[in-house]
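Heads up: the protein sequence lines correspond to chains A, B, C, D and E, in order.
Anchor point for the first sequence: position 391 equals 391 in this note's numbering, and the numbering is continuous, going up by one each time.
Anchor point for the second sequence: position 222 equals 222 in this note's numbering, and the numbering is continuous, going up by one each time.
Anchor point for the third sequence: position 450 equals 450 in this note's numbering, and the numbering is continuous, going up by one each time.
Anchor point for the fourth sequence: position 125 equals 125 in this note's numbering, and the numbering is continuous, going up by one each time.
Anchor point for the fifth sequence: position 78 equals 78 in this note's numbering, and the numbering is continuous, going up by one each time.
These are computed hints drawn from the structure, not numbers from a lab.
It is possible that part of the hints are untrue.
What the hints assert, rightly or not - Coverage of chain B stretches by chain C, computed from C-beta distances (three or more under 8 Å per stretch; other residues unrestricted):
#1 168–179
#2 214–222
#3 231–243
#4 270–284
#5 294–300
Don't be surprised by glycine CBs; every beta carbon is placed ideally from N, CA and C.
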Amino acid sequence: MDFPILLTILLAPLVASLVLMFIPKEENILIKSISAAGMFVSLALSLYAYFTYNQDIGGLQFVFGHDMPWISDLGVTFFLAVDGISLPMLLLTNLIGFSAIFASWNINNRPKEFFILLLMLIAGVMGTFIAHDLFIFLLFYEVVVIPIYILVIIWGSSKRVTKEYAGMKLTMYLLIGSGFLLVGVIALFVKTTAIAGHPDMSFTGMAMAAQQLGEFDQIWLFALMLFGFGSLISMWPFHSWSPDGYAGAPTAVSMIHAGVLKKIGGYGLIKIAVYMLPLGASFFAPYMAVLGVIGVAYAAMGAMAQKDLKYVVGYSSVSHMGYVILAVACLNVIGINGAVANMFAHGVMAALFFSMIGFIYEKTHTRWIPDMGGLARQTPRLAVGFMLAAMASLGLPGLVSFVPEFTIFIASFDVYGGVAVIGIAGIIITALYVLRAGANTLFGPPRPEYDHLEDIKGPEMVPLVVLGTVLVVGGCLPSLLFDMINSGVVPLHAAISDALQLGGKL
Amino acid sequence: MPADMFVLTLPFDPSALTLEMLMAVLATLVLIMGIIVPKGSRHGLGWVSLLGILGILAVAVSLWGEKRELLNGMYLLDNYALFWKITFMTAAALVILGCMRFIDNMGNQAEYYSLTLFATLGMMVMASAGDFITFYLGLELMTLSFVILVCFRKTDAKSVEAGIKYLLLAGMSSAVLLYGLTLIYGLTGSITILEIGRIIAMQPLSPALVLAVVLVIAGLGFKISAVPFHMWSPDVYEGAPTPVTAYLAVGSKAASFAIIMRLFISGLPGIWENWAMVMAILAAVTIIVGNLVAIPQTNIKRMLAYSSIAQAGYILVGLVTATEAGIKGVMFYAFLYVFATMAAFVVVAYYYNVAGSDELKDYAGLAQRSPLLAAVMLVALLSMAGIPPLAGFAGKFYLFKTIVDGYLWLVFVGLIMSMVSVYYYLRVALVMYRDDPVDATPISVSSPVAVTLVFATIATLVIGICPGPLSEIVNGAAHTFFLH
Amino acid sequence: MYVEFAMQHAWLVPLLPALAFVAIVFLTRPWQKLSAILAVGSMALSCVIATLAAYGIFTNHEYAEKPLVYATRWFSLGLAGMPDLQIDVGVQLDPVSAMMLVMVSFISTFIFLYSMGYMNGEDGYSVFFSYLSLFGASMLLLTLSSNLLQMFVGWELVGLCSYLLIGFYTHKISAREAAKKAFVTCRIADFGLLLGLLSLQIVFGTLNLTELGEKISHFEDYTNFGILTMIAVLVFMGPIAKSGQFPLHVWLPDAMEGPTPVSALIHAATMVVAGVYLVGRTMFLFHEVESAMLLVAVTGAFTALFAATIALTQREIKKILAYSTVSQLGYMMLALGVGSLTAGMFHMWTHAFFKALMFLGAGSVLVALHHKADVWDMGGLVKKMPITAWTFVIGGLAIAGIPPFAGFWSKDEILVATLAEGHYVLFAMAAFTAFLTAFYMWRLIFLAFFGKENPANHPKESPWTMTVPLIVLAVGAIGAGWLGTPWHNVWAEWIYFGHPHHAAANYGAMLLSVVLAVAGIGLAYTMYLKDTEKVKAKAMAEQYSTAYRVLVNKYYIDELYLWFNHALVDGAAKIFYLFDIYIVDSIVNGIGAFAKVSGEGLRVFQTGRLQNYVLIFFIGVLVVAVLMAFVGPSNAVPVLGGVK
Amino acid sequence: METSIYSVIAFYALAITILGNAALVVFARNIVHSVLFLAITFISMAGLFLLLDADFIAAIQVLVYAGAVCIMVVFGIMLIQRPDMKDTNLFNTQLIAGTGVVALVFALCAILAGRTAWTDLVATQAVPENTIQVIGALLMSKYVIPFEVVAILLLVALIGAIVIARDESSAIAVDEGVKANAHD
Amino acid sequence: MLTISLTHYVVLSALLFSIGLFGVITKRNAVAVLICIEIMLNAVNINLVAFSKYITPMDFTGQIFSLFVITVAAAEVGIGLAIIIAIYRNKLSVNLDDFDWLKW
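Next comes chain A alone, as it looks inside the complex (with noise of 0.2 Å):
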């Protein structure tokens, strides 16, 4: 057997958590630079990966332990495998992961225990995307709850609500989605199983029987799942503890809770919804697309009225993922390459945006717009950083963001017309908020009180050196991610539509 690349990426930080628990709480130097080193072996390893991948065959690569039997009467295995679709999450976790540790570095309350959630958290997003086993997919996706709440409650902070709250609302509401997601899985397994005759859970096999489903039974099985994946992506209208929370939450967690643990929602709403239930997505489609598009609309006014930056990011972040699912709803080639890629796009550029909100917090000590103002002379460096995110947000060409945020253009105006003129209207929006923030918050006199502020240096650079540059190589080479991308998209394409042929629509 090969090198098991993947296993090794998902077990390096848990490995280092475990290190971390045998250190003293007093080596803070220590611990950090262990989270870096246990995730800077994931994102080297999973740069190897992305590279070489090869796009030409396609398909299912690096296998692990597809063989493995793991849970035999659940037709369950460890199945690890990357395609083209989870390649990009897993390398957009892991440059998330990374940038989180440094982002987190000046953390010195309780840094130990810190560190240690954060490095679990980041193990179980990634688990969800090398998993290729329903099962085992559900087993990552709700452990990275519960790491999330207590990093909330410690680390948060209060302010329209308090972070116990915040938290709780977070964590209840994701919950409960995947209390409904679960229920849909495992009618799903029951009713795969019988259709079968042998339970088998990896996603190929499960795909194979489910797709031969009724349409009844696909349609309430994805109204289950387009629940459950629908507010772990924040869909409108269950998307309201998604400001709360990303505002309570302390940096680190907002960037990856934003940047990637969201995408678990899009992700699975590829992979599992849409492509086992292909009638079910036919027939939610049309929905969906009006609720994608009411999201983007929505949460973009709503952040326009709002004064807090994280608030800002917060409502931006699902007025985006509006976008997402506007693009799944496409149910084409050109619009699930879009939502992924604006999922990849979203994410370094949330991470990045909640770093350097981060950083402004740390060091200003408000994320209170109108209190801020002409930081840009004060700590150019993080201003920096901040116009790149928010240009990013805005969808400028050039930046990672722009070629999936026009993709899901095309696809959803030549599907949906003028519903998607709604949900391509939310640029202006957007651009307007956004610019507001930034300059609210960056140009405009400096004030006295922040003359002493240091600009960001040494560790606290590598989130906007990280992220940053795959901003601008992503934006300036979309290929890079879009060939990646469009390799995974095209056979899941294709099996869905002969699915939808099949059951006579199309």
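Using the hints, position chains B, C, D and E against chain A.
Chains B, C, D and E only, in chain A's frame:
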């Protein structure tokens, strides 16, 4: 018919009773040793009991695969019964190992340990019982042992109050149960469960049978604390000494489930349609009420009591379809439930020794005083909530997958409420992790407790992440259920 | 050989400034002079390459018919063989782009040079040059694009640079707001443009200019012809903002908050004409749609007139120039709208020189006067700053349309083209605008450079880095128009749409425009130079006070937008937000609260009294019994299930 | 099916005694009286058992219930109750609700159990004369496991009663007691 | 009327059971509740013995069952009294209404 006819014709093989006999001997031995050993060194009795249980556990494991039927089905030894016995003994071993210090503080170790062992014996009898009398006596042996254990701290008003409540309510519920059983006996002329199953399948449904089933459901529902027969359990759980609560929550409930399945699935399959719906509704109500009332609790034991009510609701789900998969789900869940509950209660018991309180607010900052205790508590609670990758998740998966066809609404109720339950579990996490302790001195966890906790936690994790092996074992056990 | 190299490597033209940008940001930022030299040097090199490439184009006439295109895949989606979506990036060299390339790189080079002096001593000197380089790169990218999406990339990037440079004085709130306004205004328009591009991609399956041109001219789906109109209108939305057309012109005057070289480069010579360039590039689309053409023409003519009227009353030197820019851009649009790519591009070409010149001159003045911008506070500067003043005068003559200065020829071309198409009303508007232009521009010149000196000022002529560009551009402002004289119209041979058309010299129009220009200058002279106390001007302002107020306040359009923004957009945002936290969130919290309350409620049954429990136990027994006995399986509620 | 008129009379007489005394147990205001009525109930029950050809059970009923249990209860009462036994056995506040529920429960039991066609199930054989011998043999053969379990249960009850009731102040004395009992 | 069938016993048992239950629900004194439970168990015994006679006259199942029930009941009373004594020591009361420390 001359009486000696029975004696000659009945097959009786005492070796099938090895486990029970060993347990009885062990319990008596501990009792006697308690008299011989001077008061100061009775601490060792815990170890004697523990080693004894482990020995019996080993014997039980070695018996795996045996299949006997004593006295025309009055006593059944199969993998099903063995699995339950292993479950009870595991729980007993954990509670003994984890709570020795608590017991030492309470005094009367000999009586305590021997009663624990007698209770275990009662459960083992229940697991193997094939007829009403054996079942009833096993049940009463267990119940009475627990009654005594509940008011073991007789100087503590709460403990005694719990004791009287438990005694009276248990007595009342056994009367109800018995009433139901007698009616079944009257209708079938038999008290052997398997035979009853055969007879009832041939009879039309008579009104008395309905009444009997209702009363049996009520009587056994009391034992598993299914709503609305659950009222005793929060009070008793709160008042009883914590190790007793732990064992009560696990053992008593598991044994009752063992017999419920025998009774309903082997004995009353003919009227499955009648009771399945009731079971489904009971399960739903139990899940809902248990979880909702747990939310406002401030005493951690009481909260755990309500949560264990909810857990009973989940386990009931497996009963609804009366299939092998359902039985398997129940057994699987009960087994993992042992570890989660034991871990949680051992933490509570241990912390009680340190802080002298079971109030939730006094758990503030536990994570900083003892990361182990806090982490174990959290893992245990989350396992009960069914958060992956902990065992509870796999357990719920097995349970709920049986009822997808036909009782989808119950799947919804169960899974959504299990997510609601996270709300109050996380409040514990909140207090333990967020707050700073009033007294920051670290708590040193003694090694037996640490072993218990780590073992239970690892078991919870392993079953959750890799439920395969356990699942196979349980499959085997559930399979033998229908072979009689 | 060099020419061949330059043509094949035209992509170097945008790349070099881009590299300079990267180098300045990451390497040379601490060394200011080095950064500046890097920026200027790279742009100069680009200019050389651009010139060589243009030489290659303009010496081979087949490029006028068939552009030189080389492109590569940027990204594609779908199967490798027949992608669902493929976007190429590449270079399209034809006379139009070559001309634009030369113009942009040439003017950029000199404005960069000018900036070295102008920005001396400012904070963020290096950063400024990095922005300039980025701008140069983006603008050149836009110019060279072979694909509309690529063009859009450049389009947005120049917008970004514009944003950054307008807001360069970050400490000024007005700069910050102006920058934001510029970006957002353009963004609104880009929304339309983007929709247009999407429609093009969806309908025609490509965004490559050449392919599109091919497909659109053969587009025969007449049942669906409305779609072309829609696309054309949508695409035109982009230029409306970018090129400051009514009603989205509002950002352009405010953009003068940026440093003056920026105003000259971006908001006069290059970026703002990108809109014109885009329309020119997509003429194949507009050409197919009569109504869209008319829309372009009317918009252009109206904007020209409208902006000119506002310019009449403005007092700040750069604001006047800005409105003049808007007005001139209107001319260009008008030209395109009447179908004369030649005239539009020609005016763009000449305008670049004289407007850049005037802005740089204004910058020179501002430096000398320490950024005192009101022309009424100036006066007599010609004595202290002769180079600045006289080059400015050249610019003034050019814009007013006095032969043989550059503006005359291009403006004449537009007027002729309008007349030739039979748009008499538009012609009249354009002609009247010419008069107004001459008036307000010379009003500026007379007030600022001639007349009484203001004793409060102590002006001093600018350093050579600033004056050299002035002189060079002045030369351009004089000579740039000679390419397209009616008698020997080299311009029209190369830059045209469809077929080259040699409009014969229309002496009547020529005469009219000269007369109007002279009249305008004369009126300005009488009002602002001869009348030293400016009595007439003041009297007029009082006599027509309403009109004056409207003009001074720019027809209150900014106020309207501001109101719209605050009252409607912010108000709506507030409503959405309140809805979110009070309705959506309340539902969520309500569900949570319901759970809690029901927990509390159910708890009440747990009275602690043993016998209550017994009571409840038996009530339970009764309920179960009823369920079993009377609800039974045969008539059980089907919802509750129970089928094995 | 009992057709003899004597048995019918006996049944009704016993039934009335049993129910009447049971009711008196409940309604008596003095706990000692209640216990007395209880004893009568138990003894009448034994009569009923005789009627049902269960002489051994009847004997046990008298011995265990009427003898041991009632005495034990009286002892218990004497240990804890104040000398004045008036009003020691009152109703609580649930009287009305209790009455309602009990009435319903009775209705339920009576309707469901009473409406069953028991006669179809009745066997034709008679009960053997010699019950004690058969029961003894059965206890040692067929019911040997329950028999052993019940023995243990009694041991448990013994331990329990001692552990709980023992006064900690006189712990030594009780320790002796445990010793004595444990050797049984 | 003049024949005594199994139904009579069943109804008698139900009546006795209900009387016992009534006592359990309504009496204050713990001892009274305890003895009422005994009455309920006796009701069960009536059933058992009656069924034994009528349904399985040859097997003695019911009789043996009731034997065990009696034994267990006695043991229960013993423990019950012990607990009542213990609680009396603690609270100086045997009134069940006083025992509501543990609630909600």
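Status of each hint after checking the structure:
1. 168–179: holds (count 5)
2. 214–222: holds (count 6)
3. 231–243: holds (count 4)
4. 270–284: holds (count 10)
5. 294–300: With 3 residues close enough to chain C, the hint holds.
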